[in-house]
Amino acid sequence: MKEEFLHYLWRFRLLQPSLFTTNNESIEVINTGLHNTDAGPDFIQAKVKIAETIWAGNVELHLQASDWNKHKHQKDKAYNNTILHVVYSCDMDVRLENGETIPCLELKGKFKEDLLKKYEGFLKSEKWIPCSGQLNDFPKIKLNALYSRLSIERLEDKSQTILNRLEKNKNDWEETFYQVLAGGFGLKINQDVFIRLAESLPLKKVLYQHNKIFQIEALLFGQAGLLYSNPFVDEYPISLKKEYTYLAKKYQLNSLQGHLWKYLRLRPSNFPTLRIAQFSALLFAHKNLFSKIIESAKIEDIYRLFNVKASSYWDSHYVWDKHTGTYPKKLSKNRINLLLINVIIPFMFLYGKERNKEFLIEKALEFLNLIPAENNKTTKNFGQEGLVFKSAFQTQALIQLKTKYCDTKKCLECPIGNLLLK
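In numbering that gives the first Met the number 0, the protein residues as written are 0 to 421.
Do not take every clue at face value.
[Stated by the list, open to error] Think about it this way: if two alpha-carbon atoms lie no more than 35 Å apart in a straight line, the pair counts; the simulated DSBU-like pairs of lysine-lysine are:
{"id": "1", "residue 1": "K291", "residue 2": "K249"}
{"id": "2", "residue 1": "K332", "residue 2": "K308"}
{"id": "3", "residue 1": "K249", "residue 2": "K308"}
[Claimed, not checked] Quick list of the computed label-pair ranges, beta carbon to beta carbon:
{"id": "4", "residue 1": "E27", "residue 2": "M91", "range": "21 to 31 Å"}
{"id": "5", "residue 1": "E3", "residue 2": "Y250", "range": "47 to 57 Å"}
{"id": "6", "residue 1": "T36", "residue 2": "L114", "range": "19 to 29 Å"}
{"id": "7", "residue 1": "K107", "residue 2": "L259", "range": "52 to 62 Å"}
{"id": "8", "residue 1": "A50", "residue 2": "F358", "range": "50 to 60 Å"}
{"id": "9", "residue 1": "Q190", "residue 2": "Q251", "range": "25 to 35 Å"}
{"id": "10", "residue 1": "D156", "residue 2": "D300", "range": "20 to 30 Å"}
{"id": "11", "residue 1": "H322", "residue 2": "R148", "range": "50 to 60 Å"}
{"id": "12", "residue 1": "P371", "residue 2": "S147", "range": "15 to 25 Å"}
{"id": "13", "residue 1": "E24", "residue 2": "Q190", "range": "50 to 60 Å"}
{"id": "14", "residue 1": "K421", "residue 2": "N97", "range": "37 to 47 Å"}
Please keep in mind that the hints were generated in silico from the structure rather than gathered at the bench. Beta carbons are placed, not taken as given, at the ideal position from N, Cα and C, and that holds for glycine.
Whenever a hint applies, use it, and build me the whole structure from the sequences.
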């Protein structure tokens, strides 16, 4: 058994109606309190009636009563307002820091045993999600609420990551967007090194060259460490290397190591060389990209902003010196959709929150609803479980469900797991 299970029983009042303390005093739970996820007692602002007295304060839960002393609560004044100690097994009496004893409620035998069996079944499950095969029991009428809650929760999580970076960048939105957008061009496999590239080359240095795509490419490819491989054959990379050598000296730049970039198992269209070229084209096309995105009224405006192609050399190349068939290397709509989902929409959502602009939050959610459902392993598996989804708003919710609840087996905190257990 885990302590989280006791929290679940207490929070959702899944106990028998007739409760008594270990001293045989009657207990009436008026308010279970607020679940405290910070330091201190597990539930705060609770209200219980013990015998004839109504108490307001905090409730602490443990598997064993002796865990109170193991956690040194008897020496912590923060626990002096504890009005009830709820435990699975009361193996000893415990005291507050001020010396007072605490009424104890023992839960052993006071809840339906099949709840515990179901929960332990989830914990022991080796299926791709603990409740696989049971999702048809989740009412379809509740799906929209589930999608809404989890999709917004995922945006909140992404926003916090952005906010942490924003603080490091001294509240510079343009610089922060530039760095996170760079990561978006790298997919998972090259995300970190793309961000390192952007961190090593401040946006203002790129914008000094805003009317010269050749110089922007020279800066990005040079900083990426991709101009120091074997001697080039094509004139274009030779010229880029020469230009970067000049700019690196001018701006006192130190490049990354070229070996950091990964190509293995990537399609040529996702090679870092091509993605850097497309990123260069985007920076060349728009000097104030973040401002333009925030000002975009429709999702079509975003598609137009990102409708860029790599410079002409890349029409016939994916890497240096290897000629391929010729066609323009534009950012595809699928790629732009991924940038919308992972970068643009989270930034719009966060900017709206930070600037108290509700219309931006609503626009971010609207854009997410307009993007088609993602097609990946997670969404395919949920589809096989019988769930229906049509937009990225819904698939982002399912990805949040899988990564934050299913993978960590937080079934008691999951809306689906919670209902299935009951």
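- In rising order, the numbers of the hints this structure does not comply with: Those not satisfied: there are none.
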